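Engineer: Following the hints, position chain B against chain A.
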Amino acid sequence: MHGYSFILKSTNLTALSAGLLWWADRKLLCVSDLHLGKSERMARRGGSLLPPYENKETLTRLALAINALDPVTVICLGDSFDDLASLDALDTADHSNLAAMMAGRRWIWIEGNHDAGPLNIGGTHLAQFETGPLTFRHIAKVNSNGEISGHYHPKASVKIKSGSLTRPCFLIDETRAILPAFGAYTGGLKTTDPAFSPLMGENAIAVLTGAQALPIPMPR
Amino acid sequence: MTKLPAKFSDWFTAHGWEIHPHQSDLLARSHDPATLLIAPTGGGKTLAGFLPTLTELADNPPVGLHTLYVSPLKALAADIKRNLETPIHEMNLPIRVESRTGDTTQTQKKRQRADPPHILLTTPESLAVMLSYEDGAKTFAGLQRVVIDEIHALAESKRGDQLMLCLSALQSIAPNMRRVGLSATVEDPPALATFLARNPDPCDIILADPGPEPDIQILHTDSPPPWSGAGAAYSIPDVLKLVKTAKTTLIFINTRAQAELYFRAIWEAIEDQLPIALHHGSLSREARDKVEAAMVAGALRAVVCTGTLDLGIDWGDVDLVIQVGAPKNIKRLVQRIGRSNHRYNAPSRAVIVPANRFEILEAQAALDAVIENDLDGEPRGDGPRDVLCQHILIRACAGPFDADTLFAEVTQSGPYHSLTRPEFDACLDFCATGGYALRAYDRWQRLLQNPAGLWQLRDPRATRAIRMNIGTIVDTETLKVKWRGRGGAPLGEIEESFAATLTQGDTFLIGGQVVRYEGLREMTVQVTKGHKAPKIATFMGTKFATSTLLSTRIIDILHAGDWSPFPAHTRDWLQVQNRISAMPKPGRMMVESYWRDTTAYTCFYGFAGRNAHQTLGLLLTRRMEEAGLNPIGFVATDYAVLIWGLDAITDPAALLSPDDLRTGFAGWLAGNAVMKRSFRNVATIAGLIEKNLPGKRRTGRQATFSSDILYNTLLKYDPDHLLLQITQTEAMRGLVDFGRIEEMLTRIKGRIDHIQAPHVTPLSAPMLLEIGKVPIKGAAIEKAAAVRASELMREAGL
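Protein chains in written order, with the numbering used here: chain A, 1 to 220; chain B, 221 to 1018.
Simulated from the structure, these hints should not be mistaken for laboratory data. Please read all numbers here as calculations on a predicted model, not as lab measurements. Each hint can be trusted.
What the simulated footprint calls covered on chain A by chain B, stretch by stretch (three residues with Cβ under 8 Å from a Cβ of chain B suffice, anywhere in the stretch; the number is not a length):
#, region
1, 36-44
2, 51-59
3, 180-188
Don't be surprised by glycine CBs; every beta carbon is placed ideally from N, CA and C.
In isolation and in its complexed conformation, chain A is listed as follows (with noise of 0.2 Å):
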């Protein structure tokens, strides 16, 4: 699996091709914003009827992963769930595949802002999780250090000749790393955007996910 390797408060780190974080020491992977559930969400409320194929989609992708790298512990950090009764709505097909992935290892539920609250569901569940010099959650906060986080779905441009390519991405910085969303019905904000400035440092990078992991500096 294609990846770029990094250094986070001393820990070397892989951000994964395809969108995940790979820490190779403890075999520790971890994804975030799967949003499982979200057609069906949408649906409920009254809007469209998307093709409701997105979390079969996302399961295959994260089994992948999984499957290939064998981690002790698999971190979720948020919007796991598009909302609290999205985890009804999975068919039994994608239950028995989670429930396949989650055997015989460490499974950690991070709550996001989606999925906050009581999830029937095994595994642990926290707002938080800390481990050796890294802290794990939904929502980076600005004065933190060493952290790893979800939520915006970052994504960047890169310019080539005959156009630009925009995939979500990595942020990294000597402080911090926001994942991209792993999620098939997810999509992106651009690292432009304002609310990463407060984030990332100077010399923050992307890395663009896709089928190789490419580190550019982070557009802003």
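Structural biologist: Okay, now just chain B, sitting in the frame of chain A:
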């Protein structure tokens, strides 16, 4: 038989006018269920359409709506209102006329639904919105007549399909409603009549006197036009001379980018104070209004414009039309020439300016066709099903409906008369459940059947979103362009994809001015005055392909060998071609191969139009790659595809085998960017995704995601889904245009003349100079991105 009442004939006499024969013909048929009037511009067409209404309402008109007038342009509705008020006022008729468009206030709209005027002027989209309200049945209960203006233009797009569905709905509310269509010259009037009339009502066609033959010429300059390109800058001195001979000139140019460049070049060439202006669809409304007002006031000598001025009110005294670049389509050329037909009995004057050598041939073919009145046009396809999906949702907003009744109503409309029940049911199922193979939305259906068996919205709050989404025009995403720090009206709009390629300091042309890109603020492009040579704004616009009829005529000209109408330089060019190679022949395909240095070139003269050739180039190079012929690139024009590579093509017939092409097409099509764009349009119209409303697009939202994701998901998990079927159908036309490739294959039936030329041939040489060459890539994009990324990192010292 209705005769003109005395009040009206007196009014005509008082003005020194006489009623036109087609006006009295239409009056005589005023009780027919449907009538189509075909008349040139300036022929009193609109008055003809309204005379029956005015006479019916002349004495003691009943309260309520009598006539609905629908036009493709808001501006036209406002203009017609002014024109109607003159006879109403002068004859003192007790008739109330109002317009309802997107610009009408909410209070006004509400009042109009409760208390409609006698004559309501509106657009197809506004009509659809009115029909989405529960009180629509009351508003339209007494409707007697509907007048569709510029119906030929509406029939060319999905707006026409939507309108015809709305007319069917109106007809159910007001069974006695009569229909009148007003059209410019078209190639197939009976087809347009079928489109207009309730199936199977008859529809008489009235052809007005087309007026005198137009005076139409090709501009032959002393210096020959360039070998390639579409700029036509060479023609500017001669065009300026022509402009000075006329009172007001319309200069039509095929694309917005070219119009910007041509206007800029003319502007720089003008020595005296000749007032000229620019008009195209990407300029701000304010800028266009200003030009239009100046035009009406007679303050302009020339306007450089695109298709935006194809329709609309008569602008001042246009007495000359100049078409720069090949006309591509004869019908459109005739309609454009008609714009100078301001006075009914004066011949229109028009000049065609070929932009390059090949266009001299096309201009001649077009001129011959205009003189012989041989018009082209693609036959209309069946009514598109995405429009039907939207219509079903609109009907659901108005209240519960019965599926059988709605099906009967829909099939009464011209475009949907051959719709089958299973096709209808699939659309209804899409609206109700999403129509997915995985039945996921049993609990959350959008439409439900109530105990009486009628379909209704599950959640009545959905009406708001459905109404917001009404319409079939899906705009490309654009950004407004404004002067930095100066406030004021925007200069115009550029496409978001173009804006994404700009960095600070880049310059581009908009509204004839060079501006410098400074940055993006709150979804507005900030610019300052620019000086250096501009990058050109890339507007998507419509890229017209040369029509089939025009292409056939060009082959005939080449093959016939009578080149006497052409200037000497063109004759020489063709004679040398004949000596070195050959000429394309009707019913066959000519293929030329030759070497230049170590590169093998092959030119396929398909004459199937630019879009189809682009597709053909992609398909052929794919097949060449499979065959190990190492293609490097290709370029497509309206006439041919030129492919180059490391190895020579020895058997073009094998490459062109129809079955293999079709298989290749199916595989290639799925991942194509054009397909994704078509899908976005289809999904928006059908109500799967919401339209981006101008100005309403929220910034900083990570919740919305691209329609490409939905496309890819459907393709992977539900490849037979209705929306993918519709997208596929559309790809046969438009930018992919595989339909033209099929047509070409049928035409040549495997008859291929493969010529080995000693060197580059005169006919194919201009193609080597064409811009828009397509390199064969794949992994190339990833590689380019990686190179660029490492450059950036190095520059930043990271």
